[in-house]
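Residue 100 in UniProt numbering is what sits at position 100 of the sequence shown, and the numbering runs on without skipping anything.
Calculated directly from the structure, the hints in this document are not laboratory data. A portion of the hints provided could be inaccurate.
Stated by the list, open to error - Ranges of calculated distance between the beta carbons of each label pair, as one might list FRET restraints:
#	residue 1	residue 2	range
1	SER89	MET53	52 to 58 Å
2	ASN59	GLY80	30 to 36 Å
3	SER89	ARG127	57 to 63 Å
4	GLN82	ASN59	41 to 47 Å
No residue lacks a Cβ here, since even glycine has one placed at the ideal position from N, Cα and C.
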Amino acid sequence: MRGHHRQPVCQLEVRALAQRSAQAATEIKTLIESTVGSVSSGSGQVRRAGDTMSEIVSNVSRVTGIISEITHAAMEQTRGIQEVNMAVSQLDQMVQQNAALVEQSTAAAAALQTQAGSLAGAVGQFRLG
(Lines of atoms letter the chains of each structure in order from A; the text may use other names.)
(Lines give C-alpha, C1' and ligand atoms only; values in the text may rest on other atoms or scores of the structure.)
Protein backbone atom coordinates (compact mmCIF):
# COMPACT_ATOMS: atom_id res chain seq x y z
CA MET A 1 0.00 0.00 0.00
CA ARG A 2 2.82 2.21 0.62
CA GLY A 3 3.85 2.35 -3.07
CA HIS A 4 0.29 3.14 -3.98
CA HIS A 5 0.24 6.17 -1.66
CA ARG A 6 3.44 7.49 -3.18
CA GLN A 7 2.02 7.62 -6.67
CA PRO A 8 -0.42 10.53 -6.03
CA VAL A 9 2.31 12.44 -4.19
CA CYS A 10 4.64 11.88 -7.10
CA GLN A 11 1.95 13.03 -9.52
CA LEU A 12 1.41 16.16 -7.43
CA GLU A 13 5.12 16.86 -7.45
CA VAL A 14 5.31 16.28 -11.21
CA ARG A 15 2.31 18.58 -11.70
CA ALA A 16 3.90 21.27 -9.47
CA LEU A 17 7.18 20.86 -11.33
CA ALA A 18 5.35 21.15 -14.66
CA GLN A 19 3.58 24.31 -13.49
CA ARG A 20 6.86 25.82 -12.30
CA SER A 21 8.45 24.85 -15.64
CA ALA A 22 5.55 26.47 -17.52
CA GLN A 23 5.86 29.59 -15.37
CA ALA A 24 9.63 29.66 -15.90
CA ALA A 25 9.10 29.21 -19.65
CA THR A 26 6.65 32.14 -19.63
CA GLU A 27 9.15 34.28 -17.72
CA ILE A 28 11.92 33.26 -20.14
CA LYS A 29 9.65 34.14 -23.09
CA THR A 30 8.95 37.55 -21.52
CA LEU A 31 12.67 38.12 -20.92
CA ILE A 32 13.48 37.10 -24.51
CA GLU A 33 10.80 39.46 -25.88
CA SER A 34 12.13 42.26 -23.67
CA THR A 35 15.70 41.53 -24.80
CA VAL A 36 14.65 41.47 -28.47
CA GLY A 37 12.92 44.83 -27.94
CA SER A 38 16.01 46.25 -26.26
CA VAL A 39 18.27 44.94 -29.04
CA SER A 40 15.93 46.40 -31.66
CA SER A 41 15.87 49.73 -29.85
CA GLY A 42 19.67 49.65 -29.46
CA SER A 43 20.06 48.80 -33.12
CA GLY A 44 17.90 51.79 -34.04
CA GLN A 45 19.93 54.04 -31.77
CA VAL A 46 23.18 52.76 -33.31
CA ARG A 47 21.76 53.39 -36.80
CA ARG A 48 20.72 56.92 -35.83
CA ALA A 49 24.14 57.52 -34.24
CA GLY A 50 25.79 56.32 -37.46
CA ASP A 51 23.59 58.66 -39.51
CA THR A 52 24.44 61.52 -37.16
CA MET A 53 28.17 60.76 -37.42
CA SER A 54 27.92 60.67 -41.22
CA GLU A 55 26.17 64.03 -41.16
CA ILE A 56 28.84 65.44 -38.82
CA VAL A 57 31.63 64.17 -41.09
CA SER A 58 29.87 65.70 -44.10
CA ASN A 59 29.45 69.03 -42.30
CA VAL A 60 33.08 69.03 -41.14
CA SER A 61 34.15 68.36 -44.72
CA ARG A 62 31.97 71.23 -45.94
CA VAL A 63 33.38 73.58 -43.26
CA THR A 64 36.92 72.52 -44.19
CA GLY A 65 36.17 73.39 -47.82
CA ILE A 66 34.78 76.79 -46.81
CA ILE A 67 37.82 77.50 -44.64
CA SER A 68 40.07 76.55 -47.56
CA GLU A 69 38.18 78.96 -49.84
CA ILE A 70 38.43 81.73 -47.22
CA THR A 71 42.17 81.09 -46.87
CA HIS A 72 42.63 81.24 -50.65
CA ALA A 73 40.59 84.45 -50.87
CA ALA A 74 42.58 86.01 -48.00
CA MET A 75 45.85 85.14 -49.77
CA GLU A 76 44.58 86.70 -53.00
CA GLN A 77 43.46 89.76 -51.07
CA THR A 78 46.91 90.01 -49.47
CA ARG A 79 48.54 89.87 -52.92
CA GLY A 80 46.13 92.54 -54.15
CA ILE A 81 46.93 94.79 -51.18
CA GLN A 82 50.66 94.31 -51.83
CA GLU A 83 50.15 95.33 -55.47
CA VAL A 84 48.15 98.40 -54.38
CA ASN A 85 50.92 99.30 -51.92
CA MET A 86 53.50 99.01 -54.70
CA ALA A 87 51.37 101.17 -57.01
CA VAL A 88 50.90 103.80 -54.28
CA SER A 89 54.66 103.75 -53.62
CA GLN A 90 55.34 104.25 -57.33
CA LEU A 91 52.78 107.07 -57.44
CA ASP A 92 54.50 108.68 -54.44
CA GLN A 93 57.85 108.51 -56.23
CA MET A 94 56.30 110.00 -59.36
CA VAL A 95 54.67 112.80 -57.34
CA GLN A 96 58.02 113.57 -55.70
CA GLN A 97 59.73 113.56 -59.11
CA ASN A 98 57.01 115.83 -60.52
CA ALA A 99 57.37 118.16 -57.52
CA ALA A 100 61.13 118.32 -58.17
CA LEU A 101 60.50 119.00 -61.86
CA VAL A 102 57.99 121.72 -61.00
CA GLU A 103 60.55 123.26 -58.65
CA GLN A 104 63.19 123.12 -61.39
CA SER A 105 60.74 124.51 -63.94
CA THR A 106 59.81 127.34 -61.56
CA ALA A 107 63.49 128.16 -61.02
CA ALA A 108 64.14 127.99 -64.77
CA ALA A 109 61.12 130.24 -65.47
CA ALA A 110 62.35 132.75 -62.88
CA ALA A 111 65.82 132.67 -64.45
CA LEU A 112 64.32 133.12 -67.92
CA GLN A 113 62.22 136.01 -66.65
CA THR A 114 65.35 137.64 -65.20
CA GLN A 115 67.25 137.04 -68.44
CA ALA A 116 64.31 138.36 -70.46
CA GLY A 117 64.30 141.50 -68.34
CA SER A 118 68.03 141.95 -68.85
CA LEU A 119 67.67 141.29 -72.56
CA ALA A 120 64.83 143.80 -72.82
CA GLY A 121 67.02 146.38 -71.09
CA ALA A 122 69.91 145.65 -73.44
CA VAL A 123 67.70 145.83 -76.51
CA GLY A 124 66.27 149.08 -75.23
CA GLN A 125 69.75 150.64 -75.38
CA PHE A 126 70.02 149.84 -79.07
CA ARG A 127 67.25 152.05 -80.19
CA LEU A 128 67.27 152.65 -83.81
CA GLY A 129 66.52 155.83 -84.68
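Tested hints:
About 53 Å separates the C-beta atoms of SER89 and MET53, a value consistent with the hinted range of 52 to 58 Å. Taking 30 to 36 Å as the suggested C-beta distance range, the pair ASN59 and GLY80 conforms, at roughly 31 Å. Restraint check, SER89 to ARG127: a C-beta distance of roughly 58 Å satisfies the suggested window 57 to 63 Å. Restraint check, GLN82 to ASN59: a C-beta distance of roughly 35 Å breaks the suggested window 41 to 47 Å.
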